[in-house]
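Undergrad: Spelled out, the chains give:
Number of protein chains: 2
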Amino acid sequence: MGAVFRTVLALTVMSAGAALLPVELTAQAAPTREGEEVAAYVGSHRAQIVRELVTLLSVPNIASDSINIRKNAELIRVMMERRGIRTRLLETGGPPMVFGELDVPGVSRTILFYCHYDGQPVDASRWIGHAPFEPVLRAGRLEDAPQILEMPAEGGALDPEWRIYGRSASDDKAPIVAILTALDALAAADLRPIWNLKFLFEGDEEVGSPHLGAVMREHRGLLAADLAVIADGPAHPAGGPTVVLGVRGIVTVELTVFGPAMPLHSGHYGNWAPNPAERLAELLASMQDDDGRVTIEGWYDDVTPLGEAERAALERLPDDEDERRLLGISESEGGGRSRWEMVTLPSLNVRGLRSAWVGPEARTIVPERAVASLDFRLVRDVKPQDQVARFLRHLERRGYHVVGEEPDPAIRLAYPRLAMVSATRGYPAVRTPIDDPDVGRMIEAVRRATGEEPIVIPTLGGSVPGYLFPEALSAVFVSLPTVNPDNNQHSPNENLRLGNLFDGVAIYAAVMRMPL
Amino acid sequence: MGAVFRTVLALTVMSAGAALLPVELTAQAAPTREGEEVAAYVGSHRAQIVRELVTLLSVPNIASDSINIRKNAELIRVMMERRGIRTRLLETGGPPMVFGELDVPGVSRTILFYCHYDGQPVDASRWIGHAPFEPVLRAGRLEDAPQILEMPAEGGALDPEWRIYGRSASDDKAPIVAILTALDALAAADLRPIWNLKFLFEGDEEVGSPHLGAVMREHRGLLAADLAVIADGPAHPAGGPTVVLGVRGIVTVELTVFGPAMPLHSGHYGNWAPNPAERLAELLASMQDDDGRVTIEGWYDDVTPLGEAERAALERLPDDEDERRLLGISESEGGGRSRWEMVTLPSLNVRGLRSAWVGPEARTIVPERAVASLDFRLVRDVKPQDQVARFLRHLERRGYHVVGEEPDPAIRLAYPRLAMVSATRGYPAVRTPIDDPDVGRMIEAVRRATGEEPIVIPTLGGSVPGYLFPEALSAVFVSLPTVNPDNNQHSPNENLRLGNLFDGVAIYAAVMRMPL
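So the sequence lines, in the order shown, correspond to chains R and L. Residue numbers for the first sequence follow the numbering used here, beginning at 1 and rising by one. Residue numbers for the second sequence follow the numbering used here, beginning at 1 and rising by one.
Isolated chain R, as found in the complex (with noise of 0.2 Å):
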């Protein structure tokens, strides 16, 4: 899944504040028996389930401490065995990943549940009460609720306000609790699994997923599944359970302008020797109009419109007025088109500009280079190589000779407009179908589960490689996101709501019981 997942996610989040986007829900869906007999196994059974969260959360789960990391693999395959699971650890020279597998006889459609184990590192000096390994209980937001309460015992109360706090409470080890915690539900209804399942709990995500996607490559047949569900990130601010189909893909580029070969007087040399940094914002103004549209030829030549049920779901979002007043945006670029909207797109971002100095260090120069980093995101059916040889040719077709690594003299004389460009490998998007039968059936079971209507999100903003999950796996690819937007992901105070771990596992037995 990547590194970036949970980021993308909790800077959606984060930026656009918990509570902030209230959403009138339009259905409501009465749960089934199942839904009714998992709820009451969860309602029975809430000290024993955050008890086990709390013994995972004990184990410190820093990706580059080799020796705790493995003890949270071993942890989780002990508790997966205990659930009748088949384990294996794949190995991948760092943490390993922890692998299972629950098999339904006769059946041939498998579910694949990835999660991660591993967590940010912490700064424990900012934790408030507790060290972030030595997870506490509050009757709710430390704000709120600073007095650390004792754990209740077998068969106690727990409001599910109250809340753990604790690193990774949220990310990402509720969701492999509640997961596991889904089949002990159905197994006490004396229901099982609908489908095979697979699990891949992975154990560096935060450091990058260096490993996934050669694992996915080498253990592309142990893997194998119809359908993954990444269980990560928080839920859609707005409350309501969640399910987003698709993630961007990136490829970022490095773009340099070249000036004279020193930096020279403006005053002797101003307007007579070119200014690297004029030349640049010329470049960047021609890649866009006035409202951000992307101008270079072709930029959006790949793009697979949306199909009416994805349209359908846009307006189903809530709108962004109030998180574009709080962003301190005046006008949105788009024509007045939502931000779930405009993400359906390919986009150029200029994320940073340098050229000599700005503020008190100015000195009256003509600079020598002027430098842009940009990064263009990728939606599905856009390649990541085709942008760059877009972004190439436009550069080009404006008469700019371009090279690939820093010239030399007789290249910079040569050319009277230069520059180099950089790009990274970068990798696609992936985004699922709405009206894919899979799809349906989640929405489907995450509505009954819950009696909520699903928010359903065409394609998250930000890029993690998803891609991988149809490449590597031939796996149709959909998140399910169950933990509270107020998690504090990454920071220090990571806090969990005990109604998400909860309804987690509403959710994710749904999943494992929908129809083939």
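Among the hints, erroneous ones may be present.
Claimed, not checked - Quick look at which bits of chain R chain L covers, simulated, 3 or more residues with Cβ under 8 Å:
1) 61-74
2) 105-118
3) 161-174
4) 369-376
Stated by the list, open to error - Calculated Cβ distances over 10 Å to all of chain R for the following chain L residues:
5) G84
6) R109
7) P121
8) P160
9) I365
10) V421
Everything labelled a hint here was simulated from the structure, so no lab data went into it. All C-beta atoms in this analysis are idealised placements derived from N, C-alpha and C, irrespective of residue type, glycine included.
Position chain L against the provided structure of chain R, taking the given hints into account.
TA: Structure of chain L alone, referenced to chain R:
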């Protein structure tokens, strides 16, 4: 003359390289009898002249060294009094200005000679073979003639190609000695200056002439002159005697364009949240055409076109081709016009750009702001505040609301296009018309003194507050730089080619003797 004067010249020259621009001198003028007499005096007093300079160079002259800097002033005062000049120290609170007067009975017209006696800071560890304030003699450039020679006794031989190494040898103590020696040479030939003479030797030019404007305004009457001769900076690299008739003014501007209230994840918000780096690029691109010509309305409106004589002077200047190649410029802006012609126009230069990060620090964000630092160079009759006003109008025409200080959140929300601009006060240009009769007399005097056709530069591209001479003193501004271009000014191993000192005596003597 302002701190920047020698910088301006130095940078021109350092960038151009010393012997880079060989020039075919088209005219040879025969020295006058007076010129021969001055030359004869110099020829027979070389050791004495150099000794006086060496004595002056031996007094450390960093402006912040308040004891030694005043010793310089006192020594110069003695040197002046010895020539019959009435002197006075003009106190500034910092280093005093040394003022002097030498009247010619019955004459109403006055030349004011300006030099500075302070020097740049020194890093003694980088001076080769001696301390910066223990000047030494070498038989040429350090690179060619590393041995240190004995200072010759009175009447001893001194080759014009030999050099004195020491701080301020060229910048700017040699011209002080040359000007005072000119009086000796005239006296020896039984000649007297034709003009009343005034002298203003500044003691903190290298820290930015913080008191020059105030002193000029306070002592307006005392300093009043018809003609101000700035004796500072190196001669044109082509090697001939040089007359400079102007310098540009300057005003600097910082332009900030705002995006969202905080950096935003570019995946979620890119191409929905307005990107300030892209907006800034668009704005900067709107200010110039492809060839660097400023397209802000009215930018060139107040420019006084060059006259025939100025155009002719420009055409006599060496071409830029070698310089262009040396500077790594494939094609200059301005449609092939020379650098010397381009600096007769007001410029807009983007001297720096900054938004978020580039390179390894780049983050995939929509930046919160983007900043450009600009300098506007001004030419005669173009006022700093008028150019700033035109710039502001341009922003407003492009839909920007412009503020003068950091905008609060309500302002940011209120204006879709919001810019913050801060501008320095700046100061105007000065350019004396080439057909001013005193300029004609001076060119003729230099021609006669040296037997060479002077290189006449209508204006330098750089900026110093030369406008103060006409504005505060009603004096015509002319600069007569005489020292060698390869003098390492501001650097370790500053030096003076003795021939330039001797020629300087001849030039300044001729100026003192030019017809009223």
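Undergrad: Taking the hints in turn, state whether each one holds.
TA: Going through the hints against the structure:
Only residues whose C-beta sits within less than 8 Å of a C-beta in chain L count toward coverage, and the stretch 61-74 of chain R has 0 of them, not enough to reach three; the restraint is violated. Only residues whose C-beta sits within less than 8 Å of a C-beta in chain L count toward coverage, and the stretch 105-118 of chain R has 0 of them, not enough to reach three; the restraint is violated. A stretch counts as covered by a chain when three or more of its residues have a beta carbon under 8 Å from one of that chain; for the stretch 161-174 of chain R and chain L the count is 0, and the coverage is violated. For a cut-off of 8 Å, the count of residues in the stretch 369-376 of chain R with a CB near a CB of chain L stands at 5, and the three-residue condition holds.
With a minimum CB-CB distance of about 39 Å to chain R, G84 (chain L) clears the 10 Å threshold, and the non-interface call stands. Non-interface status of R109 (chain L) relative to chain R is upheld: no Cβ of that chain comes within 10 Å, the nearest being about 32 Å off. With a least CB separation of 18 Å from chain R, P121 (chain L) remains clear of the 10 Å interface cut-off, as annotated. Against the 10 Å criterion, P160 (chain L) stays outside the reach of chain R, whose nearest CB is about 29 Å from its own CB.
Interface exclusion of I365 (chain L) from chain R breaks down, the closest Cβ pair being 6 Å apart, not more than 10 Å. Every Cβ of chain R is farther than 10 Å from the Cβ of V421 (chain L); the closest lies at roughly 13 Å, confirming the non-interface assignment.
Hints 1, 2, 3, 9, counting from the list given before, are not met by this structure.
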